[in-house]
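Chains as they are written, first to last, in this note's numbering: chain B, 1 to 289; chain E, 1001 to 1443.
The hints are simulated quantities; they were obtained by calculation from the structure and are not laboratory data.
Glycine included, each C-beta is placed from N, C-alpha and C at the ideal position.
There's no promise every hint is true.
[What the hints assert, rightly or not] Quick list of in silico lysine-lysine cross-link-like pairs, DSS-like style, CA-CA up to 27 Å:
1) K200(B) with K97(B)
2) K46(B) with K1333(E)
3) K1252(E) with K67(B)
4) K145(B) with K1080(E)
5) K45(B) with K1339(E)
[Said to hold, decoys possible] Listed next, with one range per pair, are the computed distances between beta-carbon atoms:
6) E1124(E) with F26(B): 31 to 41 Å
7) E1432(E) with F142(B): 39 to 49 Å
8) Y216(B) with E1120(E): 26 to 36 Å
9) N1073(E) with S19(B): 34 to 44 Å
10) V28(B) with E1241(E): 32 to 42 Å
11) S1088(E) with T70(B): 22 to 32 Å
12) R5(B) with N1073(E): 35 to 45 Å
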Amino acid sequence: MNRKRLKQDMIGIAYSLPSLILIICFMVIPIIMTFDMSLHNRTLKKDVFIGFDNYTRLFTKDITYQKALTNTFLYVLVLVPSIVFISMYLSSVIVRKSQKAGAFYRGLFYIPTIASGVTVSIIWSWVFNPVTGIANYIISVFGGKGLEWFSGRSTAFMCVCIVSFFCSIGQPVVLYTAALNGIDRGYYEAAEIDGAGPFKQFIHITVPGLRPTTLYITIITAVNAFQIFIPIQLLTSGGPVNSTISMMFMLYKTAFTDFKFGYAAAMGVILLILISIFSVVQFILQRKE
Amino acid sequence: MRKLIALLLAVVMVLSLAVTCAAEEHTSDVELTFWAVSKWNGIYGTEADGQTGDWERYMAEKFHEMYPNVTINVEVYDTKNGPAVMASAIAAETYPDIVHDANTRLMQYSNNGFLVPVTEYMTEEETATFAAGTFDSIRIADGNAYFVPYGTNVMAIMVNKTLFEQAGCADLLPQGEDRTWSFDEYYTAVSTACANLEGVYAAPLFADISSGGDMYTWCWIYAAGGKMFDETTNRMGVNCEETKTGLAFWKKIIDNGLAAPGGAALKAGDAAPLFYQQQVISCPCATVHYSRLVAGQANGTYADFDCEVYAVPHAEGVSTISCADPHGFAVWKGTDAEKVYWAEQFVKFLASDENAAFIKAAGEVSYKICAQNLYEGQDDNLVYMSTLMDKLVPSGSSIPGYTSCRFEVTPYYQQLYLGEIDIDTFCENVEEVCNDYLENYEP
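If we strip away everything but chain E, and leave its shape as in the complex, we get (with noise of 0.2 Å):
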């Protein structure tokens, strides 16, 4: 009987063994659920019948050829309908295993704590081959980071420099390899060149940013050395001479008719498309935003017409500043481990040296050092727009509450912009009804 016993119990702990050495292999069949905010058409942004989701859908079907047991299912949602759709998936716990999405809704989410934190299943080593600070620019309160950046928009000025000839005064523009210009000599080029042409404007600047595209609007504060938020208080800073200084140069241009007109109720995403029709002289953009006209201007949608990428004009001195808008990939917390597992090994691939550079499909810039330089030979401008990478602000992005509280802000600057407050008035309200948000805010 004894014997009998024993045997039983060698059995069982073989078999235990045996059960437990199979879930550290990770060999069981798995299915997870991949949501994309896809970026670009195609696997590498060239196919003229490439769709969205494409390269997504590519890196699955590559991943469960490297592990059949590992099956990813893509879907693909947008900007606009995404953050509802994923509010309800997460209200019926319906929620992916991998998400791709913006900075911004990826920081809600951190701060909410839905993600895995990036440390469980990355190595020093591993965030090593990404540039330096990108982890830090993204922890949140708790020092976690929560999500894999993969690509970025790095903030510049898109200039248009054959109408600046046209207007004789290309000389203007700045001339040293640095590409940089002081507040002055921003306003005189574009002014000089508008008054010297009919019907153009010199910047299609906006106050409604409630749906994004803050910096855009808060450059010109953070090129004057002032800033919006106080990322080490997790409040609003608004309230300083320096920001001032800013808001007063962003009001000149409106003030003195060379902003195009509409700005108070225009968004972001309406501002880019003024310049690619010629109807402004510069803009404010992200790097996508000059890939989408070299797109257009290939393919015949824009006219051809020479742009050049300047860094944001600066207040007298003031470094060059540049702002970023990441998107990466994350891991849900989910209660199945071999899951979680799975969708961490899943990011690393996504993010793997080997895959940088399929970013060039959206024109964006990489934070991985193996591709610092993939337009190098190719496009100086985005050459010149990733030599911007090391002058990045704090977004404010990884603040509990910044997302909802932008809709706070948005009627100020619009006040603002129509002259209905006074920058003063601007600021201290801003900062009051803000940093009361911020305090009540709830996640």
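Extracted from the complex, chain B is given alone in its bound form (with noise of 0.2 Å):
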């Protein structure tokens, strides 16, 4: 018994071994790696050992750092919620839509999504551009005046969030319309039955059917959150005064501009911790419910 069972392990393990080789190489060593880098002052001439003293330089002395870690929570606290919940209404909309209408919707929806994020946010920064820009052009038709997008702090952070939505919003949408259309249609036909109107119908039935999707959605959009780094370094390199700068992108300036490739690591190492504690508290959280 206790052979085949080995037999059966084994055989699991030659299935999964060359995968785990793959995240052991491109994952689990570089990050070792990583960390291990983040102890030393690396520059393209030096590496010496410093300890910690990356870390508590970045959360004592580094305003920018600071500045940067909370704006990745505001875009994180803007987009989450934002994309989970229009991703989860407009899929509601498209799965009543015929067959054709609800492919042409789902592909419209995930053009950005493969389109590149270069491409994709250029385009959006002529959208903006406060001379030329077709954003401000209709708000002249409406007989407003126009905006200087990039150079408000708040509406440059607002230009980024929208740049970074509408990049982000397609998957979620092809996997909510999916997942939509496996939940049961005799659940809705006894709650209308019931008297539950389309709201109730909605809490009830649809919002806890979509919640394994919800908690992959929302994962998964968290962690392209607190990665944000595209647009921002497209559209305003983290300015105007630091007010759209993020952790990913001080992390890629200070690793190839200034070529710190130490701290950055530690500031790697960070966003890696941010990240995995907001993946295993979102498990929890939903294993609880």
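Hints in hand, dock the two standalone chains.
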């Protein structure tokens, strides 16, 4: 019996071995190396062990990093709920359409996801151009005064969120649409007989039915929001006055403009810890429910 | 036995001598890697199907024809991702043998000790073929220059003369051959023109210098007799009256609504297109911006308006200034002496007199004495810009930490632009923060 079990285990291990090797080589080892690097003052020229000095400096001296940390949490707070709720709503609308129309809308919302983030950001930079952009043109058509979108602290932050939102909405819409199709129609019919309106049906049938998908989407969206980079790099460079700077943008700049690899590695480790904590908390909450 | 030993020794000596001679003749096969930020498409810049890197590959082939034992592999990398690629290559010790890049990054590599000093492979006679002061302007603190400048963008102001004529005030533009004007003359000209035209701004002033283009903002400071950096001490030297005068003029244009909207977050690369689209009537520019306009007008991308180039306006009593943004070739320090030797030869070949005129493809100005009149009889504006080469002010790029320090300065520029701080506070903050940064900067 034990021998048979062992054989089965070995077969399982053999099947997962290629993935395991890849994960160890490209995930586990780099994470360990990054942590090791974060304990060093490593630049292009030198590599000196300094213990936790990089971490101490990040939290006690580096005001720009603290701003980046705050902004990153704000991005997560704004983007995760808005993407989850709006994609859920859009999917519930799409799922009621005919098969052809549903496929068309799913494709439409998915385009920004498969398009290059760089291309999408550049197109949005044209939209928000204060002199030649279509956003200000539309405002002027209605008699309003155009905005200097990227120059104001709050408007620049909003622009980054809008661009990131449109780049991220596609996958949740597709996932929610698929999940909605998986909910038994009988529940809705029974609820309707019991006199439940669309809102109650949504709260008591749709939302619980979508819970596993919501967990997945929340985690994926949060991970992406924690790592927000491309719209900032292309639209605002973290400005004005660091109002849109994110942890990932600062990490990139520190590593590849300042060549402070050790310091950037410390930022990366903190980001990893934050994302891990967020994901674990999400799983625990979901399991409790 | 003795005879045999003597014979063996003689053979060993002869063989050693032969090997040494062979090494000195540098005849062994060598494969080099050349990483280049390509400045133009095609070989001459005029080919319809020209690609980036064509010229670099052409030069590598020409060199291979001259020295068949040397093969050069060209890799083109762009300015956006290039630094990250190079940083990874340095970390992995897979760096190239030869690099063509902008001065800011080459200065970074120089200050980190990665490049071979020019004096190790160029004689005084060879450096004398470059315009006076060329190598002085790129020396770092140790007194050495580490790259050979090939081309540069000289700074001036592009003016849409057609719009000035439509506004009925073309007579307010500089009339003299030196094309110079004072701050007041410039302000009167652009404010009058903007008042007579609808939806046109004076200039695209910008405050986001984090990714470069500093000189388009600093030009107003230097044109007032001020400075950003004190290159003798490698520190910021911004807190002086002249600098404040320059900044006050810059701010006057912004505060009076003459600057194009959105300048607090505008990047250097997005400024010139506003001029091409005739949204602004003047624009601080580099040679390449003007050349792009000419090319765009020729192929119908931009409207066909009359563009004149003038000097950057200056404060009363201050001479005309210009800034430059050189790029060039450098030899990476390596352990293989043979590779380093041939890399040096290839850099000398690229920067030789016979290859100087290729820079016309980028619409830039050459540092070579033999190519000072590249645009004579072809384009008056480029001829004029070439004459500004002897009016260059220091750019600060040789200062260790300069490139990353830009990121520290940008928020203060933006605060000043948005009116959140005054000029005095700006100067005090920038000097304090940046000097602190530069003092603690570690290559």
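**Message:** Would the hint linking K200(B) and K97(B) be met if the CA-CA limit is 27 Å?
**Reply:** holds (21 Å)
**Verdict for S1088(E), T70(B) (Cβ pair) under range 22 to 32 Å** = holds (30 Å)
**Message:** Against the range 39 to 49 Å, how does the distance between the Cβ atoms of E1432(E) and F142(B) compare: consistent or not?
**Reply:** holds (46 Å)
**Item:** R5(B) paired with N1073(E), Cβ distance criterion 35 to 45 Å
**Value:** Given about 56 Å between the Cβ atoms, the range is violated.
**Request:** Look at the Cβ atoms of Y216(B) and E1120(E) and judge whether their distance stays inside 26 to 36 Å.
**Result:** violated (59 Å)
**Asked** Within 34 to 44 Å or not, the Cβ separation of N1073(E) and S19(B)?
**Response** Since the Cβ atoms of N1073(E) and S19(B) sit about 35 Å apart, the hinted range of 34 to 44 Å holds.
**Straight-line alpha-carbon gap K1252(E) to K67(B), limit 27 Å** = violated (31 Å)
**Asked** Lying within 32 to 42 Å: is that true of the beta-carbon distance V28(B) to E1241(E)?
**Response** Violated, since V28(B) and E1241(E) (Cβ atoms, about 59 Å apart) do not stay within the stated range.
**Request:** Confirm or reject the claim that E1124(E) and F26(B) have a C-beta distance inside 31 to 41 Å.
**Result:** violated (52 Å)
**Prompt:** Keeping to a limit of 27 Å between CA atoms, is the pair of K145(B) and K1080(E) held or broken?
**Reply:** Measuring from Cα to Cα gives roughly 34 Å; hence the hint is violated.
**Request:** Verify the proposed pairing of K46(B) with K1333(E), using a straight-line Cα cut of 27 Å.
**Result:** holds (17 Å)
**Hinted pair K45(B) and K1339(E), Cα distance within 27 Å** = holds (22 Å)
When held up to the earlier numbered hints, the structure conflicts with 3, 4, 6, 8, 10, 12 and fits the remainder.
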